[in-house]
Amino acid sequence: MKESTLSTILVASSLFFLVPLLVVPILYSVSVSFQSKAALSMEFAWIGIQNYVRIVNDKEFWSSLFFGAVWSLAAVGLQFIVGTGTALALNEQFKGRAYARAIVFVPYVLPTVVAAGLWKWLLHENYGLLNIYLQTLGIRVPSWWNTQYAPLSLTLVAVWEFFPFVTLCVLAGLQGIPQELYEAAKVDGASFLRRFIHITLPGLRSVLFVALLLRIIWMFNKFDLPWILTKGGPITATENLPIYAYQLTFQNFNMGMGTAASTIIMLILIAMTLVYFRVYKV
Amino acid sequence: MYLGRELSEPKSEEKKAEKSVSRRTALKYGAAAVAAAVVGGVGTYEYLMAQAPPAPKVKPVRFLSTEFTDPYARNVMFKDVADFNDLHPDYKLTLENVSWDDMLTILQTGIESGKVPDLIFTDLYSGILFSQNLLEPVNDVLDKLGRDQFYPGLLVNDSSGNDYLVPIENEPMALYFRKDLFDQEGIPYPMKTWDDLLAAAEQLNKPPDFYGIALALSKEYVTAEEIWTLLQQSGQVLSDDSKTVMIDSPGVRAAFEYWKKLAQYTDPAAINWAWGDVRNAFKIGKAGLHWYQGRTLVEIWKNYPDMIDKVGMQMIPALKAEDFPDKVRPYTFSEGYMICNKSKNIDICKEFITWFAGDHARWLEYMLQGVPYHELPTTKWMTDDPDFLNHPLYNLRPDLVKTMLQISAQSLHGDRELANPSVVKPVVGEIMARPIISMALQSYIYNNVPLDTVMSKLVSDIKAVLVEAKIIPA
Amino acid sequence: MVYIFIVAIVFLVSFPLFAMFFASVKPNNEIITAAPDFFPHRVTLEHYIFAFQSMPFGTFFVNSIIVATLVMILSVIISAYAAYILTRFATKGIGLITRLLVLFYMVPDVALVIGFYLVLDRMGLLNSYAGLILGQSAISVPFCVWLLWGYFKGIPLDLDEAAMVDGASRIQTLVRIILPIAIPAFFSTGVFAFVQSWNEYTLASTLIIAEELKTLPVGISLLTREGAYWGEIIAISTVATIPAFILIAFAMRYLVEGLSAGAVKR
Chain G
113 MKESTLSTIL
123 VASSLFFLVP
133 LLVVPILYSV
143 SVSFQSKAAL
153 SMEFAWIGIQ
163 NYVRIVNDKE
173 FWSSLFFGAV
183 WSLAAVGLQF
193 IVGTGTALAL
203 NEQFKGRAYA
213 RAIVFVPYVL
223 PTVVAAGLWK
233 WLLHENYGLL
243 NIYLQTLGIR
253 VPSWWNTQYA
263 PLSLTLVAVW
273 EFFPFVTLCV
283 LAGLQGIPQE
293 LYEAAKVDGA
303 SFLRRFIHIT
313 LPGLRSVLFV
323 ALLLRIIWMF
333 NKFDLPWILT
343 KGGPITATEN
353 LPIYAYQLTF
363 QNFNMGMGTA
373 ASTIIMLILI
383 AMTLVYFRVY
393 KV
Chain Y
15 MYLGRELSEP
25 KSEEKKAEKS
35 VSRRTALKYG
45 AAAVAAAVVG
55 GVGTYEYLMA
65 QAPPAPKVKP
75 VRFLSTEFTD
85 PYARNVMFKD
95 VADFNDLHPD
105 YKLTLENVSW
115 DDMLTILQTG
125 IESGKVPDLI
135 FTDLYSGILF
145 SQNLLEPVND
155 VLDKLGRDQF
165 YPGLLVNDSS
175 GNDYLVPIEN
185 EPMALYFRKD
195 LFDQEGIPYP
205 MKTWDDLLAA
215 AEQLNKPPDF
225 YGIALALSKE
235 YVTAEEIWTL
245 LQQSGQVLSD
255 DSKTVMIDSP
265 GVRAAFEYWK
275 KLAQYTDPAA
285 INWAWGDVRN
295 AFKIGKAGLH
305 WYQGRTLVEI
315 WKNYPDMIDK
325 VGMQMIPALK
335 AEDFPDKVRP
345 YTFSEGYMIC
355 NKSKNIDICK
365 EFITWFAGDH
375 ARWLEYMLQG
385 VPYHELPTTK
395 WMTDDPDFLN
405 HPLYNLRPDL
415 VKTMLQISAQ
425 SLHGDRELAN
435 PSVVKPVVGE
445 IMARPIISMA
455 LQSYIYNNVP
465 LDTVMSKLVS
475 DIKAVLVEAK
485 IIPA
Chain C
16 MVYIFIVAIV
26 FLVSFPLFAM
36 FFASVKPNNE
46 IITAAPDFFP
56 HRVTLEHYIF
66 AFQSMPFGTF
76 FVNSIIVATL
86 VMILSVIISA
96 YAAYILTRFA
106 TKGIGLITRL
116 LVLFYMVPDV
126 ALVIGFYLVL
136 DRMGLLNSYA
146 GLILGQSAIS
156 VPFCVWLLWG
166 YFKGIPLDLD
176 EAAMVDGASR
186 IQTLVRIILP
196 IAIPAFFSTG
206 VFAFVQSWNE
216 YTLASTLIIA
226 EELKTLPVGI
236 SLLTREGAYW
246 GEIIAISTVA
256 TIPAFILIAF
266 AMRYLVEGLS
276 AGAVKR
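Residue numbers (my numbering), protein chains in the order written: chain G, 113 to 394; chain Y, 15 to 488; chain C, 16 to 281.
A couple of the hints might just be wrong.
[Said to hold, decoys possible] Distance condition first, Cα-Cα at most 16 Å in a straight line; then the derived EDC-like pairs of lysine to aspartate or glutamate:
no.	chain 1	residue 1	chain 2	residue 2
1	Y	K206	Y	D340
2	Y	K316	C	E61
3	Y	K484	G	E155
4	Y	K324	Y	D194
5	Y	K193	Y	D323
6	Y	K364	Y	D157
7	Y	K93	Y	E379
8	Y	K416	Y	D398
9	Y	K394	Y	D162
10	Y	K158	Y	E365
11	Y	K93	C	E227
12	Y	K356	G	E155
13	Y	K300	Y	D223
14	G	K343	Y	D115
15	Y	K471	Y	D262
16	Y	K73	Y	E365
17	G	K343	Y	E234
18	Y	K471	G	D170
19	Y	K129	C	D136
20	Y	K206	Y	E336
21	Y	K93	C	E226
22	Y	K324	Y	E199
23	G	K343	G	E172
24	Y	K358	Y	D104
25	Y	K158	Y	D361
26	Y	K106	Y	D94
27	Y	K356	Y	E150
28	Y	K484	Y	D255
29	Y	K106	C	E226
[Claimed, not checked] Simulated coverage check for chain C against chain G, where a stretch passes if three residues somewhere in it have a Cβ under 8 Å from a Cβ of chain G:
no.	region
30	121–132
31	160–166
It is worth saying that the hints were derived from the structure and are not from the lab.
Source: prediction; values computed, not measured.
Beta carbons: idealized from backbone N, C-alpha and C, even for Gly.
Model the full structure from these sequences, guided by the hints.
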């Protein structure tokens, strides 16, 4: 038989158990988005795209979309810079290497509720240890969680917690690049930067492609981190789309609109992914 | 360099000739896949069959609660459930102790799958449960226990006289102040009127290290809880039949304006503050006043012992000095047992409630193991019970205990309005629990939106809730 | 230069973590105070004792270890298999479809949890390890497939071809040539699958009802009441990082230059 047919069977067989678990929840969620349905109620009515229309006409939807996009891109960008740099550094020899290699991943291992709680506590205007230390260094701010600074603090925590993901991906990817290439380049007199651009980056290309895609999707969809830190506040200063969708369901008790917002998030990410595939040319 | 070829397509000639696999290889792989599928399928089938439903004699009963997360209370309740199950071998009552944030999801999945929770012990969600007609009347339980023992302001019923809650514990709101600073600055106490409070906050206010009052002004409903008593004294949210929105009144507007003045004397960061922040600011000496339930005093007693003699506590102020303190009805949200009307085990649930609340020793044990002083009695007998009052915390500041018990006795459940306390409007409690009022305050105080705009949005938001609850047509 | 960078990163990571650890042995009035210090004035184990005594955190711990380990093993095996096939001899079609699995991450958890509940309910797998493991694996397999696809794609097809020209079958190629090179990839993917399951909250809180089957994140969430038990939460979290920490320390051997087994020699 053709190899492609066999491969289809094999892949399908390995993933068959996933289908009901993945497809059904998505279909269920999308179907509710076309209904008018209140939480805790079994009654519903089909109302076509009314939920979507209401959302698109809502100012708060657009401000959440804007903030979420900017915040996730900024956070992912920094996660990549810090993460890749850390991976490259960890791959080298230096004193205290063993400690560095272990501690650098702990932020990723912490549950988000703890990581967020930790930073909220450290930067609290009343009793934050880090806040006080920064003040003695002359950096005095009315509050790290007010309208001006909350987006910044949120980005900081997002980078702190998730850059190890990038580090781990890149570290594994680095092991796949043959040493001979570096040795040959060194013999040719190439500088660190040239080696990085011409050997390391191409070698990491497919790994970075995947890691970047996953991080963007996950940061765009991030609910618990901003929710625990600021609840999308003050007012709506740090509200992203997942928080917007959550509030529709859990504070306005409107399941129809909540699932519609979630479906819109999904569509935005699909569109973004298609563009991403094109740009990366894979 | 072959690295450059990593991501390119296979060479074109290879692409044209579709790779073929020999029969043998295909059979090998195919057989392996089929074998795996068969083994997996059979295993799953056997496993599912082995999950026999419980023996027909033992009926599972779901007891869902958000309120036993204080570890002491939790352990007592697990013990009580175990004791109950021993007495009733035909049933298996399972206590599901869940985080407050998950409650709605768990209720939703329960209702959609048909596995409704039978017995529920929660606070704020009672509003939406009531609006969705999911609660079973418990008049018979209350009558059996003796309705008169309960403080009437803490019961929840509808206009046809059906009761839905057996209140077990009460968490009323008190006003805390720094007695030592009041003495030092010569501020008289108790503060009988709201003007007294404002003056005290102003006098104590020494920013940025110390603020007059620690207010919660975030989106969370604690913001609405804090202004609620004043709101009720100044106006009302809904008419008696819940059909007319009455919140836009001169009294309520004055209350909003007052709050804006009061907010001058709190930390600007209060725009983010919720329950913990407000208590903490007071406990660590950054604010001279705050509203909270009993938990503040418990935490001071346990963790900040040098504060215990500096703390003062009083009834919430009144609009007129002569109404203070006996006519003040502070905000509270009593919690207790409710039964889901879709349950198939209603009788055993009623049996449990009667068994628990009818046994005074058991009920008392739960209250004392919980957070005494944060959870207060809902009945007159427990208020007067010497065992309840015999707690190390109480013995340290017996004056505050007296105050708290009076606050509890006079408190008014958030589903009732001061304008006519005999009428219960669960949708009012639901309105308070949503960010509607909190966000109105935020936009008025921080965004300086004109009061007219704030009020009209408030009215339309509340109308939307009434439409959703099917109280008024769209 | 590199040294300065890594020192800065290590410091920025370590400072909060040590602040957290020291806080876990401070009494409450040193954790929330207007004049905090980094080191405790008085060391106390009360948070640890209280947390472990008041709630069965030991049990939650064991549950999390069992579930996360099984999710890790299941996810890595399935996704390695799928990723290998996708990069070696699948057409673009099936590859695209499999990669559309990433679609799953595009819908927020909030919307999916009810559907998950209903499916697992029909399968009779509610309130059991099996149901949770299945659910969490369904979440981690798509991204494990993606990650391993990325790594396998970086392993040139020439290697396979060279081996097969030399007479090895597909299986032998897979085991003798590809696997050793892919070990770092397996370790990193395994770590991700483990950590994601370890910290997973949405499914764990909805699918598991019985108290004795709950996992750590759910246990921690039970203590987040009104901010009253922060010391206990920190204590539990300090202990909770240990298994994942051990796993990563172990995996490091295969992830860093000079120590990994098969990477260099080609």
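Quick rundown of the hints versus the structure:
With a CA separation close to 11 Å, the supplied pair K206/Y and D340/Y stays within the 16 Å bound. Taking the CA atoms of K316/Y and E61/C, the gap is near 12 Å; set against the 16 Å cutoff, the hint holds. Of the supplied pair hints, the one linking K484/Y and E155/G holds, its CA atoms being roughly 12 Å apart against a limit of 16 Å. At roughly 5 Å between alpha-carbon atoms, K324/Y and D194/Y fall within 16 Å of each other, so this suggested pair holds.
Pair hint K193/Y plus D323/Y holds up; C-alpha atoms about 8 Å apart against a cutoff of 16 Å. Using a Cα cut-off of 16 Å, the hinted pair K364/Y and D157/Y holds, with the two alpha carbons roughly 12 Å apart. About 11 Å separates the Cα atoms of K93/Y and E379/Y, which keeps this hinted pair within 16 Å; it holds. Of the pairs offered as hints, the one joining K416/Y and D398/Y holds, with about 11 Å between alpha carbons and a cut-off of 16 Å not exceeded.
Between the alpha carbons of K394/Y and D162/Y the distance comes to roughly 9 Å, so the proposed pair stays at or under 16 Å and holds. Annotation: proposed proximity of K158/Y to E365/Y holds, straight-line Cα distance about 11 Å (limit 16 Å). Pair hint K93/Y plus E227/C holds up; C-alpha atoms about 15 Å apart against a cutoff of 16 Å. A distance of roughly 14 Å separates the Cα atoms of K356/Y and E155/G; the hinted pair therefore holds under the 16 Å criterion.
Taking the CA atoms of K300/Y and D223/Y, the gap is about 7 Å. The hint holds against a cut of 16 Å. Of the pairs offered as hints, the one joining K343/G and D115/Y holds, with about 13 Å between alpha carbons and a cut-off of 16 Å not exceeded. Between K471/Y and D262/Y, the direct Cα distance comes to roughly 10 Å. Compliance with the 16 Å bound is thereby established for this hinted pair. Pair hint K73/Y plus E365/Y holds up; C-alpha atoms about 14 Å apart against a cutoff of 16 Å.
Straight-line distance between C-alpha atoms of K343/G and E234/Y comes to about 9 Å, which keeps the hinted pair within the 16 Å bound. Distance check on the hinted pair: K471/Y and D170/G sit about 15 Å apart at the alpha-carbon level, within 16 Å; holds. With a C-alpha separation of about 10 Å, the suggested pair K129/Y and D136/C falls inside the 16 Å cut-off, and the hint holds. A C-alpha spacing of about 8 Å is found between K206/Y and E336/Y, which places the hinted pair at or below 16 Å, so the restraint holds.
The hinted pair formed by K93/Y and E226/C meets the criterion: a straight-line CA distance of about 13 Å does not exceed 16 Å. Taken as a hint, the K324/Y and E199/Y pair is honoured in the structure, with Cα atoms around 14 Å apart against an allowance of 16 Å. Between K343/G and E172/G the alpha-carbon distance is near 14 Å, which keeps this suggested pair within the 16 Å criterion. Of the pairs offered as hints, the one joining K358/Y and D104/Y holds, with about 14 Å between alpha carbons and a cut-off of 16 Å not exceeded.
Restraint check: the Cα-Cα separation between K158/Y and D361/Y comes to about 14 Å, which is no more than 16 Å; the hinted pair holds. Of the pairs offered as hints, the one joining K106/Y and D94/Y holds, with about 13 Å between alpha carbons and a cut-off of 16 Å not exceeded. Restraint check for K356/Y and E150/Y: satisfied, since their Cα atoms lie roughly 8 Å apart, inside the 16 Å limit. Restraint check for K484/Y and D255/Y: satisfied, since their Cα atoms lie roughly 13 Å apart, inside the 16 Å limit.
Between the alpha carbons of K106/Y and E226/C the distance comes to roughly 14 Å, so the proposed pair stays at or under 16 Å and holds. As drawn, the region 121–132 of chain C meets chain G at 11 residues by the rule of a beta-carbon pair under 8 Å; at three or more, the given contact holds. Residues of the region 160–166 of chain C lying with their CB closer than 8 Å to a CB of chain G number 5, which satisfies the three-residue condition for coverage.
Figure legend: structure checked against the earlier numbered hints; every hint is met.
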